[in-house]
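Residue numbers (the working numbering), protein chains in the order written: chain A, 1 to 522; chain B, 1 to 591.
Bear in mind the hints are in silico, worked out from the structure with no lab data behind them.
Just so it is clear, the structure is predicted and the values come from calculations on it, not from any experiment.
Glycine included, every Cβ here is placed at the ideal spot set by N, Cα and C.
You may find that some hints are simply not true.
[To be verified] FRET-style restraints, in silico, Cβ to Cβ:
1. A:His-366 x B:Ala-200: 48 to 58 Å
2. B:Asp-286 x A:Arg-476: 20 to 30 Å
3. B:Asp-286 x A:Ser-370: 48 to 58 Å
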Amino acid sequence: MEFSELIRTRQAQAELLSGPEAPALRGTLCVTGHHLLLSPKPQATDLWLLLLRSVDSIEKRVAGDSGTITLRCKDLRVLQLRIEGVEATLDVARSIEGLRLGDAWHFHPLESYYKRVALETDAWRLSEVNEDFSLCPSYPRVVIVPRAVDDAALARSARFRQGGRFPVLSYHHARSGTALLRSSQPLIGPKKLRCAEDEELLGAVLAGARPGAQGFIVDTRSAQTAKQARMTGGGTESKAAYPGWKRLHRPLERGRHLQESFVRLVEACGDLEQSMDQWLSRLDSCRWLAHVQEALSTACLAAQGMEREGACVLVHGAEGMDSTLLVTSLAQLILDPLSRTMAGFQELVEREWIQAGHPFQLRCAHSAFSHARSKHEAPTFLLFLDCVWQLGRQFPLSLEFGEGLLLALFEHAYASPFGTFLCNSEKERCLCEVRTQTHSLWSGLNQSKEQRKLRNPLYVLNPSALWPSVEPQSLRLWQGLFLRQTRPPERSEEVWEKVWQIVTDEKTEDSRPVVSAPEPQP
Amino acid sequence: MTATHLLFIDSHQKETWILHHHIASVEKLALTTSGCPLVIQCKNFRIVHFIVPKERDCHDIYNSLLQLSKQAKYEDLYAFSYNPKQNDSERLRGWQLIDLAEEYKRMGVPNSNWQLSDANREYKICETYPRELYVPRIASKPIIVGSSKFRSKGRFPVLSYYHQNKEAAICRCSQPLSGFSARCLEDEHLLQAISKANPANRYMYVVDTRPKLNAMANRAAGKGYENEDNYSNIRFQFVGIENIHVMRSSLQKLLEVNGTKGLSVNDFYSGLESSGWLRHIKAVMDAAIFLAKAIMVENASVLVHCSDGWDRTSQVCSLGSLLLDSYYRTIKGFMVLIEKDWISFGHKFSERCGHLDGDPKEVSPVFTQFLECVWHLTEQFPQAFEFNEAFLLQIHEHIHSCQFGNFLGNCQKEREELKLKEKTHSLWPFLLDDREKYSNPLYSSSSQRFAVLEPNTVSFNFKFWRSMYHQFDRTLHPRESVCNIITKMNEQNKQLEKDMKDLESKISKHKNEEIDGVLTKELLHSVRPESPTLKTSLCYKEQTVLPVNDTLRTIEGSNPVDNRYSEYAEEFSKSKPAVVSLEYGVARMTC
Chain A
1 MEFSELIRTR QAQAELLSGP EAPALRGTLC VTGHHLLLSP KPQATDLWLL
51 LLRSVDSIEK RVAGDSGTIT LRCKDLRVLQ LRIEGVEATL DVARSIEGLR
101 LGDAWHFHPL ESYYKRVALE TDAWRLSEVN EDFSLCPSYP RVVIVPRAVD
151 DAALARSARF RQGGRFPVLS YHHARSGTAL LRSSQPLIGP KKLRCAEDEE
201 LLGAVLAGAR PGAQGFIVDT RSAQTAKQAR MTGGGTESKA AYPGWKRLHR
251 PLERGRHLQE SFVRLVEACG DLEQSMDQWL SRLDSCRWLA HVQEALSTAC
301 LAAQGMEREG ACVLVHGAEG MDSTLLVTSL AQLILDPLSR TMAGFQELVE
351 REWIQAGHPF QLRCAHSAFS HARSKHEAPT FLLFLDCVWQ LGRQFPLSLE
401 FGEGLLLALF EHAYASPFGT FLCNSEKERC LCEVRTQTHS LWSGLNQSKE
451 QRKLRNPLYV LNPSALWPSV EPQSLRLWQG LFLRQTRPPE RSEEVWEKVW
501 QIVTDEKTED SRPVVSAPEP QP
Chain B
1 MTATHLLFID SHQKETWILH HHIASVEKLA LTTSGCPLVI QCKNFRIVHF
51 IVPKERDCHD IYNSLLQLSK QAKYEDLYAF SYNPKQNDSE RLRGWQLIDL
101 AEEYKRMGVP NSNWQLSDAN REYKICETYP RELYVPRIAS KPIIVGSSKF
151 RSKGRFPVLS YYHQNKEAAI CRCSQPLSGF SARCLEDEHL LQAISKANPA
201 NRYMYVVDTR PKLNAMANRA AGKGYENEDN YSNIRFQFVG IENIHVMRSS
251 LQKLLEVNGT KGLSVNDFYS GLESSGWLRH IKAVMDAAIF LAKAIMVENA
301 SVLVHCSDGW DRTSQVCSLG SLLLDSYYRT IKGFMVLIEK DWISFGHKFS
351 ERCGHLDGDP KEVSPVFTQF LECVWHLTEQ FPQAFEFNEA FLLQIHEHIH
401 SCQFGNFLGN CQKEREELKL KEKTHSLWPF LLDDREKYSN PLYSSSSQRF
451 AVLEPNTVSF NFKFWRSMYH QFDRTLHPRE SVCNIITKMN EQNKQLEKDM
501 KDLESKISKH KNEEIDGVLT KELLHSVRPE SPTLKTSLCY KEQTVLPVND
551 TLRTIEGSNP VDNRYSEYAE EFSKSKPAVV SLEYGVARMT C
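From just these sequences and the hints, can you work out the full model?
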């Protein structure tokens, strides 16, 4: 989150009145991302500090060449700040106003991710070629592309890819210096068309990684489906046209079939009367867990290609906004310890799903119970959350967030009072003025009082890659979600609470003084 | 190869020990270019593949293992040679750890309705029952003797569990020799005496744990089930648990499915379904719930039997008691439960586990099913059990290991004849010594909510028990252990609290001294700085949580090479199995 943009002024001279009886405190007022600080004039040691999140309401009044800001806090305190200078007063007030909400709309995951990449390598640049969404309506305004390729080439490559989704950087793996890219299928068609700029783009990726680097193209369709797609103008990269790139086909279920699988699983989970054999046979025939396995193993394959083989990986299916995102986002979770933190995961979802143009509005219009079906629904995002849950089960200490966050994301993707999952792409969100008219889910979640449900009490940073087992014996049905109707969650919530108590060493039974243990830090 | 173990040391000096008694089958496969493959399947579900370069070596190993894994005499079993360096008094104390007389006292018997019977003191009435049996006070010896003659193997109705608050009892017996029309007045009297021993409800349930069809078939052989018309105040009920042969082949199917290479999700679930294993587990659980409900809701006593009353009856009685009584959910209590309902009442451990070279048709995973039911309960009630999964796995390990005397033999009489208490050691003290390892960190003993467990047996609450049937396939398990880390944190918290108390008492001591005027001002000053150091030492200790966690992290198998997705891309490198020298030459092993 970029708080710095919200801070209009950093310092001002001020006087603080904490109540009619209390003596006034004079000094320099400082606004930081989370706090308001007042350091008294003579270099005194005690510093006055106020957490901005605790401000409930703010009122400003200007008189002459100074102003007064009244802060009413959530803990019922009322504070008055007398600030020198009208301009300073207004700036401070506006800063506090913006920061106390911690509004996550000012959260630019792509730019901040690029800052991270730029520290690791200079092979990539931030391109504004899609500034007006003319090149690719489903991409965000800015994308990360190889430095060696100019915007004109990008434009031509976009014309050669379905929906204009030319290859862009999804993740840079610093340890091996390799990159994960995503795109849509190339428009090869029955005439076997080629596009020099597209070939040049992928060539530049390999050259940027390491001389002689290898690349893998993970096509999320079967070889046959990919070939058939040529009839309708699509297709897949030919080996001759893209030297250094090797193609792997890993068919993943998508669209209507995935939705049907979801519907049948939910149906089976709602039947309390069925025998053991009926249940197992329905669990088997709905194939949901098989889809979980396929998604996880494909993501592992992509991650393995980068980490073990030192190869660059490009993932695409047909449109490149469903199974492609599933694979790229899971691969990052496997490889990147930062994406497993609370903030990092939110950033991952924002960057790899929302900004990457997963059409949430179309995919999540109906859930499993609706009879009205259009052909666009598919629980791809839910499948992603399920895979993350499986990772969390196998590595219970390595994710900073808990099941509660995954459940919340599932709920909000389908129906939400927040604007985060609205619309199908960044372009639509701009047209609908989502950012100005709605609130962001991320600030909602991060201010939620139920942090304990969202966070994992046992989290410890695990710097290595997480290689999950994808054997059927290791995959479990996500009971917390699919059986939420038939199985009360209280018991598991109690256990969660108990673990929190142990971690923070709270004693509920006897009223011993509480020793506060460190909260897990990202 | 040693007299008791097969030992394999790989190139990383990692040792794999396999007890000969654990070996269920040894198979020699067709010769390959790299050598002769040898597959060993163990009763604790470990499967090991060896490749022995020379066929003759392989043949020798094969023959030796065949002989060593099947013993003809009890005296050749490991328990008789196992020496854990205990002296005789320690050994004796170990055997006295579990005292069943004490246990019946805890339940509240003998009392005005129930008494200790000396009818079987010399094993004259029933060889497979223990010497001490509890029966209704009004049941005279002739009634007992008469009833025992009307019951298969003489196993007449006796007390298994007494519920003190409800004054209701769980009793157990074998099937009646009723045939199509036979009656026995003494047996009818004995059942009446049981129902009369319960002042709260004069009706009692008679639960036949077999499927109705099997019970009816038994009538043709002169056995069968109680006729409700002949017995007053009984309600008869079948609960439909299959027999030992069905259970054996069900587990066999389950293991076959799981042993398949490259198993797909769909094959796994259809295999799980066709094995019927979880259906059987659910049937046992449902029967136990029936018992618990009869006692808790209707205040009714229950008499349980199957055919001989030592397999399904043991499962249902012990599980029912476990639901009713939180004592059996403690580490010690669980041992008592096994001693009472399984060992003393004559579950044929040696035959069911195949300790000796005997009839393979007598082998059946009845006790394993009981452990699995308990595991399902621990999953549904994570805070209700003092022990954890490792405890259940360890007990399972030792019913087959023949390392301790507890599970040898088929009944108490046989155990006495073998002089097990003099010649072997008891398992329980060794488990108690490792108490920390087997404790459930989330256990809350005080919680009254878990007095009686009411598990939900809707089908989707039953899951495949990976940690049992794949306990040696490390790559399939979670890579980090929540149990370990919480245990560690609990320990640390306790230590911190202790430190805090020590420091507090020190402070108050100093304060007292100050009041007494013993301390000068300077000395007092030296006390003051202690508080920041106290703080920092606390903080420091808390921060050390992190490195400790790292050592706990199980990273074995956390490697893409170990996982199957690496097979999908052939161009990706593959690891080669370790090549190691063995006494017999060079062998390769993949676990």
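Hints and how they fare:
1. For A:His-366 and B:Ala-200, the Cβ-Cβ distance of about 55 Å falls inside the hinted range of 48 to 58 Å, so the restraint holds.
2. Separation of B:Asp-286 from A:Arg-476 is about 23 Å and conforms to the stated range, judged on CB atoms against 20 to 30 Å.
3. The beta-carbon spacing between B:Asp-286 and A:Ser-370, approximately 35 Å, falls outside the hinted interval of 48 to 58 Å.
Of the numbered hints stated above, the single one contradicted by the structure is hint 3.
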